[in-house]
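2 protein chains.
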Amino acid sequence: MEVVILGSGNVATHLAYALKKAEYHVKQVFSRQYEHARQLADGIGAEPVDQLQHITTEADVYIIAVKDESIQEVASSLRLRNKILLHTSGSTDMDVLRPFSTSYGVLYPLQTISKEVELDFSKIPLILEFSDQRTKEMMMNLAFKLSPLIYEYNSEQRRCLHLGAVFACNFSNFLYTISYDFLKGKEVDFSLLKPLIMETAAKIQDHIPKDIQTGPAVRNDQNTIQKHMALLEHYPAWKNIYQVLSNEIVQTYAAKEE
Amino acid sequence: MEVVILGSGNVATHLAYALKKAEYHVKQVFSRQYEHARQLADGIGAEPVDQLQHITTEADVYIIAVKDESIQEVASSLRLRNKILLHTSGSTDMDVLRPFSTSYGVLYPLQTISKEVELDFSKIPLILEFSDQRTKEMMMNLAFKLSPLIYEYNSEQRRCLHLGAVFACNFSNFLYTISYDFLKGKEVDFSLLKPLIMETAAKIQDHIPKDIQTGPAVRNDQNTIQKHMALLEHYPAWKNIYQVLSNEIVQTYAAKEE
Numbered sequence: 001m002e003v004v005i006l007g008s009g010n011v012a013t014h015l016a017y018a019l020k021k022a023e024y025h026v027k028q029v030f031s032r033q034y035e036h037a038r039q040l041a042d043g044i045g046a047e048p049v050d051q052l053q054h055i056t057t058e059a060d061v062y063i064i065a066v067k068d069e070s071i072q073e074v075a076s077s078l079r080l081r082n083k084i085l086l087h088t089s090g091s092t093d094m095d096v097l098r099p100f101s102t103s104y105g106v107l108y109p110l111q112t113i114s115k116e117v118e119l120d121f122s123k124i125p126l127i128l129e130f131s132d133q134r135t136k137e138m139m140m141n142l143a144f145k146l147s148p149l150i151y152e153y154n155s156e157q158r159r160c161l162h163l164g165a166v167f168a169c170n171f172s173n174f175l176y177t178i179s180y181d182f183l184k185g186k187e188v189d190f191s192l193l194k195p196l197i198m199e200t201a202a203k204i205q206d207h208i209p210k211d212i213q214t215g216p217a218v219r220n221d222q223n224t225i226q227k228h229m230a231l232l233e234h235y236p237a238w239k240n241i242y243q244v245l246s247n248e249i250v251q252t253y254a255a256k257e258e
Numbered sequence: 259m260e261v262v263i264l265g266s267g268n269v270a271t272h273l274a275y276a277l278k279k280a281e282y283h284v285k286q287v288f289s290r291q292y293e294h295a296r297q298l299a300d301g302i303g304a305e306p307v308d309q310l311q312h313i314t315t316e317a318d319v320y321i322i323a324v325k326d327e328s329i330q331e332v333a334s335s336l337r338l339r340n341k342i343l344l345h346t347s348g349s350t351d352m353d354v355l356r357p358f359s360t361s362y363g364v365l366y367p368l369q370t371i372s373k374e375v376e377l378d379f380s381k382i383p384l385i386l387e388f389s390d391q392r393t394k395e396m397m398m399n400l401a402f403k404l405s406p407l408i409y410e411y412n413s414e415q416r417r418c419l420h421l422g423a424v425f426a427c428n429f430s431n432f433l434y435t436i437s438y439d440f441l442k443g444k445e446v447d448f449s450l451l452k453p454l455i456m457e458t459a460a461k462i463q464d465h466i467p468k469d470i471q472t473g474p475a476v477r478n479d480q481n482t483i484q485k486h487m488a489l490l491e492h493y494p495a496w497k498n499i500y501q502v503l504s505n506e507i508v509q510t511y512a513a514k515e516e
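Residue numbers (my numbering), protein chains in the order written: chain D, 1 to 258; chain Y, 259 to 516.
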């Protein structure tokens with residue numbers, strides 16, 4: 001099975017290397033910026049392409065791993081008929097690909113992917129959706145060679161999962177940033193919190209997060225909350241976030257006790 | 259050195275067992291609810307006490323591990339003169355103890371402590387503050403036997419650290435809860451996010467959180483943000499949190515790029 005990767009960003013990069021490791025032949029890598037295409041293509045022994053009309057019609061699978069808003073545009077430039085066409089987006093419906101091939105689907109790697117951080121693709125859940133049974137059968141081998149963690153969800157569920165990941169991961173990371181920046185300004189070592197952050201993530205591996213909530217808001221400890229708000233006096237955006245989250249925690253647990 | 263523990267909650271419990279493990283003699287455990295005092299006291303071979311006037315005046319160290327708002331009240335009921343008096347609160351000034359002994363301080367275990375979850379105290383950073391050098395010298399041995407991770411910070415820094423922990427840990431856990439509850443309602447398996455949550459926490463062990471932010475908001479991907487807001491239409495509180503955090507991420511990274 002020959003593969004073409006359209007895109008050179010985080011997902012495209014990790015996916016391309018994972019395919020190479022699984023001994024698939026990535027024929028071409030496309031990016032509008034030739035240098036980006038070349039850099040990734042060189043790493044995996046593929047041909048770099050910076051013009052959509054130069055993309056081969058002879059490969060078996062075309063994986064679009066570009067920004068969500070560019071998926072349709074890239075798909076519409078390919079002439080595939082019945083070649084397999086996939087995108088990798090958590091929040092984009094599979095059906096945006098329908099006009100462009102008879103055989104299409106989604107391969108969404110559920111991970112917070114930064115180019116800089118090395119990644120073991122075999123530990124990443126792959127969320128899959130296919131236009132039809134035949135496409136599914138053709139893709140399952142490839143999928144399992146990338147990761148044993150295979151899940152089939154429809155587009156609505158996948159979008160919900162992506163939203164869940166935004167709350168649990170993207171937003172959590174932003175809270176780490178607030179904590180980091182706040183403590184830096186106070187000459188307190190953020191590193192002290194690192195074991196605590198790991199412990200917080202580790203705990204929910206085998207507990208329901210609602211059952212292990214700690215902190216002043218869950219105790220409705222308004223005294224501490226007011227002290228914290230005072231510390232945030234000169235940081236109105238962080239103060240607002242503190243207030244919104246604390247209020248919601250107070251209300252969630254007040255409702256629970258009733 | 260003989261120790262009295264005042265309190266029977268999460269911190270009191272883990273601290274009492276850690277002291278026992280370090281071969282300190284915990285003489286008494288106080289709780290207003292006799293059953294609570296008894297339960298903890300039995301586990302560590304101490305005497306349970308449910309009336310403040312029955313607390314011995316003969317111990318060396320009195321550790322108040324009660325709710326922040328009760329610290330002063332408990333302290334004021336003890337007659338200690340020059341015995342060492344400590345509290346364990348992140349957000350309470352050391353000086354609330356000044357009227358009650360000549361020798362006082364704070365031993366704040368920086369951890370998200372739930373009674374249900376087992377804890378290795380030796381991996382918890384202890385944030386210490388003492389009224390004077392003599393008290394410090396007397397307490398350092400005990401502190402090091404509990405944990406090698408010893409830090410001295412003043413009350414202001416400790417309060418900032420506590421606030422940092424609220425953002426990075428308590429609020430993160432609440433975001434896990436939102437994600438869990440939302441996905442449960444959509445029949446999507448929250449467990450899928452568990453590796454992602456671990457990875458998010460693991461990444462900041464050796465990266466600055468601001469440098470590894472991912473998700474739609476950091477890309478200012480309004481298309482995805484609007485799709486997510488639509489999914490949250492029937493959950494106004496979560497929608498508000500989504501909006502507040504996304505806006506702040508957009509603004510933080512817009513400012514960074516300028």
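Any given hint could turn out to be false.
Restraint-style ranges between C-beta atoms, simulated for each label pair [as the list claims (entries may be wrong)]:
no., chain 1, residue 1, chain 2, residue 2, range
1, Y, GLU410, D, GLY45, 30 to 38 Å
2, D, ALA237, Y, ASP447, 27 to 35 Å
3, D, GLN226, Y, PRO357, 34 to 42 Å
4, D, ASP60, Y, ALA512, 36 to 44 Å
5, D, PRO148, Y, GLU281, 41 to 49 Å
These are computed hints drawn from the structure, not numbers from a lab. Yeah, the Cβ is synthetic: ideal placement off N, Cα and C, and Gly gets one too.
*Any of the earlier hints contradicted here, and which numbers?*
Numbers 1 and 3, in rising order.
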